[in-house]
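Line order of the protein sequences matches chains H and S.
So the first sequence is numbered by the working numbering: it starts at -10 and just counts up by one.
So the second sequence is numbered by the working numbering: it starts at 59 and just counts up by one.
What the hints contain is simulated information worked out from the structure, not anything from laboratory work.
The structure displayed is predicted, hence computed values, not measured ones.
Careful, some of the hints might be misleading.
[As the list claims (entries may be wrong)] Below 25 Å or equal to it, Euclidean Cα-Cα: the simulated DSS-like pairs (lysine-lysine) are:
1. K235/H / K40/H
2. K97/H / K197/S
3. K62/H / K235/H
4. K40/H / K197/S
5. K197/S / K235/H
6. K270/S / K347/S
[To be verified] Cβ-to-Cβ under 8 Å is the rule here; a few derived chain S residues that face chain H:
7. P72
8. P90
9. V97
10. S119
11. T165
12. P174
13. G198
14. L233
15. A250
16. I310
17. Y311
18. L331
19. I337
20. Y341
Glycine included, C-beta positions come from ideal geometry on N, C-alpha and C.
Residues per chain, in single letters:
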Amino acid sequence: MRQNSRGTAVGRRMAMYGLVAIAVFAAVLPVYWMLTISLKSEVDQFAVPPKWLIFRPTLAHYQDAFVERSFGKYLLTSVFVAVLSTVCAIVLGTLAAYALSRFRLRHKLNTRLSLWILSTRMFPPIVTAVPLFLMMRDVRLLDTVASLVIVYTAFNLPFVVWMMRGFFNEIPRDLEDAARVDGDSRLGALRRVLLPLVAPGLAATAVFCLIISWNEFLFALTLTQTDSAMTLPVGIAGRVTQYEIKWGVMSAAGVVAMLPILVFALAVQRYLVRGLSLGAVKG
Amino acid sequence: MKRILSARNDRALPFLLIAPTLAVLVALSIYPLVYAIKVSFQTDTSSGVQWTFQNFSRLVSDQFFLSALGHTLVYAIIALTFEFLIGLGLAILLNRQMRGRSFFRATLLIPMMLPPVVVGVVWRLMLNPNFGAINGTLKGFGANTESLTWTASPTLAFASIIAVDIWQWTPFMFLILLAGLQAIPDEPYEAALIDGSTAWQTFRNITLPLLKPAILIALLLRTMDLLRVFDQIFILTEGGPGSATETISLYIYRTAFRFSDFGYAAAMSFVLLLLTNTISLVYIRLLGKQEAG
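Just chain H, with the same shape it has in the complex:
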């Protein structure tokens, strides 16, 4: 009897690990397949049955994509846009979040403004994409890196405000009050006392902004047209939808677009639930 129940317990454990293993494989295998394609010579890419494990790796496609074709330029644009829009959104959003967290405004403005700010994040992106295209055309910013930085800053702002407001709210006011008794100004206390305390949250928020901007596709697609302002996702999409597809080049670009995100995601794992509830990763 006892033996038997131990038997079923072991069986259940095995079944549990089995199911989890299937899920992990399903999640990772397609991505792994892209990685192998990016490293295979063309002969190996089109082998039937597919070569999952054993092939002669080559970096030719990476060189083709990033040195000979324009993907190096798209990569630089992506980095530039992501970093600059993140910095702008973090600076503006953190100040606003501080005000909303630490001052009591009249007419319930704290809550009302916060909710209003969040609500601007709730529009489907295509709804604003059409008028933003027309606006950028009016001011002759179409197909510029500047237009993307501006739009991504606005896109990330509500997210930063809500994340940072949450982090500020978690820190007791007494600490700042003490600093102010010691002669610090409001903003001095913010810089010397509060910011170091919320630094991990601030870093996580910044990483989320980087991910959002890096992954963003629709605005980049509609606001840019030429190599001069295209980001990596738009560059890849342009190649993918062409009639003849270069699998190796496409995969190499895909791998490079994916790697920083995987590192970032690992860095913000602790804050993932909070970030995702406020719409991180994707608009």
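Given the coordinates of chain H, work out where chain S should sit on it, guided by the hints.
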């Protein structure tokens, strides 16, 4: 003197700090909406711009729009159902002590973090009828894959984009539901154990009710995303073949950026906005009831 000054500064300070954020959001979120309203009541004619209701009256008789609406709803319902059920299953599995749990959790989250464009690339490589990993593997086992053209056949293409969505976003459900499960205290479970409840009874009477807020939030966020889906479908099928996989967002994109019919695109985007807002209000009402009750 210094005191008075700082008191006055204190009153102005919060507004000074919030003003830049508000300015940016008004300029780039609210103004575009107003702009879109204006454009949706206009049409370009040879004699210049004219004011019109035409863009809205066109909606009801536009077959492409109605089928895009249908595609979006069917896509959302099927994907949401599968993502929820699989996500809940995985969350329950990983909500117990097991070796390597944090490793499994991290790897399961990979699809969700990927840039949507990369998801498109990955699945193009998997689904290619001739050399894709799926058909290639099937051929390796001697199967006949001639009819499995995936994104080239209307029905299979629709199934494929749904499957890809499930692949990418089940981790999201899993993560939110797992967090919800971990927030449930042990006491009710101990009580149930003493009462001799079966596993199913415990799940129905304890887990589900306590998990309900997390479930509603996860469903709300996913529904909003599903109704606006664009990126992966654009890369995988561009709405094709024909318009078999065209969702509302894709049709709006085509109308605006291929046909330059911005007025009609704006009119459609308001329908999408209305749809997402109505559905999110229903969820929020349910959530409110949950918290009040």
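Comparing the hints with the structure gives:
1. The hinted pair formed by K235/H and K40/H meets the criterion: a straight-line CA distance of about 18 Å does not exceed 25 Å.
2. Between K97/H and K197/S the alpha-carbon distance is near 66 Å, which puts this suggested pair outside the 25 Å criterion.
3. For the hint pairing K62/H with K235/H, the CA-to-CA distance comes to about 18 Å; that is within 25 Å, so the pair holds.
4. Of the pairs offered as hints, the one joining K40/H and K197/S holds, with about 13 Å between alpha carbons and a cut-off of 25 Å not exceeded.
5. A C-alpha spacing of about 23 Å is found between K197/S and K235/H, which places the hinted pair at or below 25 Å, so the restraint holds.
6. Of the pairs offered as hints, the one joining K270/S and K347/S holds, with about 11 Å between alpha carbons and a cut-off of 25 Å not exceeded.
7. About 4 Å separates the beta-carbon of P72/S from the nearest beta-carbon of chain H, less than 8 Å, and the hint is met.
8. Taking 8 Å as the C-beta contact cut-off toward chain H, the hint placing P90/S at the interface holds, the least distance being around 4 Å.
9. Proximity of V97/S to chain H holds as hinted, the smallest CB-CB distance being about 7 Å (cut-off 8 Å).
10. Because the beta carbon of S119/S sits about 22 Å from the nearest beta carbon in chain H, more than 8 Å, this interface hint is broken.
11. Given hint, T165/S at the interface with chain H, holds; its Cβ is 5 Å from that chain's nearest Cβ, closer than 8 Å.
12. For P174/S, the shortest C-beta to C-beta distance to chain H is roughly 6 Å, which falls under 8 Å, so the interface hint holds.
13. A least Cβ separation of about 3 Å between G198/S and chain H falls short of the 8 Å threshold, and the interface hint therefore holds.
14. A hinted interface residue such as L233/S counts as satisfied when its beta carbon comes closer than 8 Å to some beta carbon of chain H; here the least separation is about 6 Å, so the hint holds.
15. Taken as an interface hint, A250/S does not check out: its beta carbon lies about 19 Å from the nearest beta carbon of chain H, beyond 8 Å.
16. Hint on I310/S holds. Least Cβ distance to chain H is approximately 5 Å, under the 8 Å limit.
17. At a threshold of 8 Å, the smallest CB-CB gap from Y311/S to chain H is about 6 Å, leaving the interface hint in force.
18. For L331/S, the shortest C-beta to C-beta distance to chain H is roughly 5 Å, which falls under 8 Å, so the interface hint holds.
19. Annotation: I337/S was flagged as interfacial toward chain H, and the flag is violated, the nearest CB pair being 12 Å apart, outside 8 Å.
20. The criterion of a C-beta within 8 Å of any C-beta in chain H is not met by Y341/S, whose closest approach is roughly 12 Å, and the hint is violated.
Figure legend: structure checked against the earlier numbered hints; hints not met, in rising order: 2, 10, 15, 19 and 20.
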